[in-house]
Amino acid sequence: MNRRDFIRGVAATGLALRIGPRAFPATSATTGLSAAPLPASPTVLAAVEGESPAAITREAITLLGGMGQFVAKGDRVVIKPNIGWDRTPEMAACTNPDVVRALVELVLEAGAKKAVVIDNTTNQAKRCYVRSGIQDAVKQAGGDMLFVDDYRVKRMALKGEWLKEWEIVQDIVEADKIINVPIAKHHSLCRLTLGMKNWLGATGGARNQFHQSLDKTMVDLAAFFKPQLTVLDAYRILVRNGPQGGRISDTELKKMVIAGRDPVAVDAMGASLFPVAPNELPYLGLARERGLGEFDLGKVRLEKRKI
Amino acid sequence: MASQAAFFGLFLYLFLGARYTGQDYIGSTVQRFFHFDPLLALVTIVSARLVYAYFAFALITVAATVLFGRIFCGWVCPLGAVHQASSFVFKRTKFLKPPREDKASLAPKYYILVAVLVGALVGLDLAGYLDPLSFLTRSFALAVLPSLAHALSNLTGALYALGLTGPARAISQTLENWTIHTTFLQGFSVGLLFLGAIALNARKERFWCRYLCPTGALLGLLSRWNLLKLRIDDEKCIKCGLCTQHCETQANPYPRDKWKSGECIYCEKCASICPTAAIGFDLSARPEKLTNVSNVNLSRRKLLLTTVAGLVAVPFFRLTPSHKRASLKLIRPPGALAEPKFLAKCVKCGQCMRACPTGGLQPVLTEAGPEGIYTPMLVPKVGYCEYYCSLCTQVCPTGAIKKLTIEDKNKLKIGTAWVNKSRCIPYVLGKPCIVCEEHCPVSPKAIKLVEVEAQLPDGTVAIQKAPVIDIELCTGCGICENKCPVMDDPAIFVTSVGETRSETNRLLLDISSGAPSDPYK
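These protein sequence lines map, in sequence, to chains A and B.
Each residue of the first sequence is one higher than the last, beginning at 1 in my numbering.
Each residue of the second sequence is one higher than the last, beginning at 1 in my numbering.
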């Protein structure tokens with residue numbers, strides 16, 4: 001990627017979000033005109049801002065054409081939030097429970113047979129499930145919460161460029177459809193943990209070794225899991241002490257949900273909230289090379305709403 | 001029987017309740033049983049020289065025993081229920097054939113009691129090893145439940161293999177939900193002792209209760225004046241001797257004048273086995289002759305000898321250098337009292353280890369000296385101290401671990417983390433890692449990242465972010481050690497130094513912030 005591409009990307013992001021003038025005064029002032037979203041682009045990305053996490057989630061899915069676009073009747077759908085940490089929602093370490101709740105409801109409304117929510121947590125599983133608020137939200141919405149079972153973690157061929165095989169949570173890969181529901185957070189190694197990084201929670205084994213080549217791992221995993229839909233929770237984002245924070249002052253309210261079929265575009269859009277330019281995240285470049293999606297938001301058809 | 005089953009059920013229910021239930025504060029669980037135990041009350045209060053208010057409940061047991069004899073042993077004690085049930089099985093399967101008359105001495109438990117009490121006087125808490133509640137809780141927590149979980153877990157594997165996903169999932173989800181998936185370093189020895197105690201019932205019915213239990217001995221001594229008296233209807237009695245043969249605790253109901261009120265646990269086996277229904281129990285204020293209380297020959301000479309033996313034994317239990325310098329791996333649970341008081345109060349029941357959601361609290365074998373065997377310590381490689389959890393402090397029956405709110409717990413240090421720079425991936429291999437840093441739960445993090453140069457074997461230099469510890473912020477929770485990708489000997493590890501509870505196991509002098517004075521000017 002050259003410098004011009006970068007500036008275009010940043011400017012497009014800034015314009016799209018209408019935070020450009022504040023976040024990137026120099027670039028948007030000089031190149032703002034050249035970066036209008038391309039209407040013919042095949043990718044659709046929805047970014048909805050609003051007070052209610054559930055309402056903006058529903059609106060984002062509506063903008064993408066409704067859950068029927070992603071889920072068929074009778075499907076067994078796995079929804080994979082980030083429930084990695086024993087933290088309450090206001091710490092912004094785990095996906096917002098209301099976003100997960102709305103997705104479970106939408107999936108079931110679309111006729112799915114089952115909506116299973118699962119994550120291989122970092123802290124003790126039950127504490128994470130309970131204190132993130134996700135267990136209650138999912139149960140109320142009629143979905144199923146599942147703890148990762150050792151007997152259901154199996155070594156599989158990933159055929160990645162770096163990861164050839166790894167232990168994978170079977171309950172996730174056996175689903176008819178997968179929906180990725182990450183939260184946008186700071187991370188001291190890959191800078192930001194967004195959608196693609198969330199797949200670490202679908203693996204088992206000695207996954208702490210991934211960090212030796214985290215960018216490549218994330219891309220290999222993203223290529224392997226191929227979610228139908230990625231819904232990035234950016235209602236409250238974690239801006240420091242990631243990926244688990246610990247104080248409310250580590251978080252910022254953005255009140256946004258970003259959804260799309262293209263996992264790379266969703267992550268690029270999420271990065272703009274911090275603000276981090278897509279080319280500062282090597283995994284986005286690697287993912288584009290692998291054909292997983294587009295991080296140049298100028299080439300993405302973006303639907304934005306504020307409700 | 002019904003009463004025993006009910007209390008055993010209650011015990012089991014409370015025992016299983018000592019876990020993360022979804023509530024941060026779980027209220028009273030099985031420790032309440034311990035509060036009714038006069039031996040534990042006496043020994044922990046005497047040995048630690050600290051009164052623990054919850055032990056007021058033990059006065060109820062004392063009063064009940066004074067009034068009605070050892071009904072605690074026969075009707076309440078959950079370990080007694082285990083022994084009775086296993087004795088029953090051994091009898092039914094003919095492994096155990098009680099003799100017509102048993103002349104074995106019942107004295108050992110009294111000597112054990114004397115030794116335990118003598119130990120308490122000099123500050124040694126031995127009650128926990130043979131106290132029935134401690135013994136049972138420890139056995140269940142560290143051996144029985146983990147074995148059961150292991151078996152169930154293997155069963156789920158088999159069920160999955162058979163394609164029975166539904167039942168397999170139900171089992172695995174329950175194990176996770178009830179936190180029954182941890183294993184313990186000393187589970188093997190604790191389990192063997194438990195099986196041994198049960199196996200002894202094949203030799204004598206309720207072997208433990210007859211010969212070993214110091215709590216039973218204490219209650220026996222208290223029961224001299226009890227009002228519940230054995231009655232044999234002489235007109236009905238056919239002198240068959242079945243009652244004495246099948247008495248669970250060798251209390252010798254027949255002949256009546258040989259009945260030992262201090263041994264009788266009021267199981268009423270004699271009454272139920274009597275072919276002519278000649279036996280019953282009446283209320284009567286007539287005191288028993290002292291010799292009849294247990295009819296054991298507790299000679300003054302032997303008692304003196306036991307006392308001396310107890311006193312001589314004390315130094316053996318103290319044979320450890322850890323009194324001079326703290327043991328580096330002895331990371332006590334948060335809220336644990338300073339080591340001498342902790343050792344004097346801990347009854348080794350294993351309840352804190354049962355409650356620990358990560359399974360990091362493990363029974364000590366060697367780190368705390370002989371008197372510390374089976375006391376708890378955090379083994380971060382196995383499990384870490386969960387930041388928002390204070391369950392271990394909530395379930396301790398004796399206050400050896402002080403009850404703490406989560407906020408208070410997080411102000412404590414249980415140890416300090418150290419980086420082993422000769423094993424740490426960025427320091428040595430020049431590859432990125434930061435796993436310890438991302439897991440550090442305090443904010444701001446106690447593990448900071450700095451850029452370091454690694455000299456690689458090929459002569460090149462790699463620059464990576466590597467961890468350094470801010471010891472002021474580090475609580476010693478051990479998650480860094482637990483998650484470190486260096487599997488065998490983690491490159492970041494916690495030792496006990498800096499623990500809040502100790503005034504000597506310190507790292508840095510707390511030098512006042514004033515300007516340093518120069519003595520040469």
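FYI, nobody ran anything at the bench for these hints, they're computed from the structure.
Because the structure is a prediction, the values reported are computed rather than measured.
Quick reminder that beta carbons are idealized off the backbone N, C-alpha and C, glycines included.
Keep in mind that the hints are not guaranteed to be accurate.
[Claimed, not checked] Cβ-Cβ distance ranges computed for the label pairs, FRET-style:
| no. | chain 1 | residue 1 | chain 2 | residue 2 | range |
| --- | --- | --- | --- | --- | --- |
| 1 | B | 407 | A | 72 | 56 to 62 angstroms |
| 2 | B | 22 | A | 74 | 29 to 35 angstroms |
| 3 | A | 88 | B | 165 | 28 to 34 angstroms |
| 4 | A | 88 | B | 420 | 48 to 54 angstroms |
| 5 | B | 3 | A | 90 | 55 to 61 angstroms |
| 6 | A | 136 | B | 165 | 22 to 28 angstroms |
[Claimed, not checked] Part of the chain B face toward chain A, derived, beta carbon under 7 angstroms:
| no. | residue |
| --- | --- |
| 7 | 154 |
| 8 | 170 |
| 9 | 172 |
Each hint tested on the structure:
no., hint, result
1, 407/B <-> 72/A: 56 to 62 angstroms, "violated, 49 angstroms"
2, 22/B <-> 74/A: 29 to 35 angstroms, "holds, 32 angstroms"
3, 88/A <-> 165/B: 28 to 34 angstroms, "holds, 33 angstroms"
4, 88/A <-> 420/B: 48 to 54 angstroms, "violated, 34 angstroms"
5, 3/B <-> 90/A: 55 to 61 angstroms, "violated, 49 angstroms"
6, 136/A <-> 165/B: 22 to 28 angstroms, "holds, 25 angstroms"
7, 154, "violated, 9 angstroms"
8, 170, "violated, 11 angstroms"
9, 172, "holds, 4 angstroms"
Hint check: violations occur at hints 1, 4, 5, 7 and 8; the rest are consistent with the structure.
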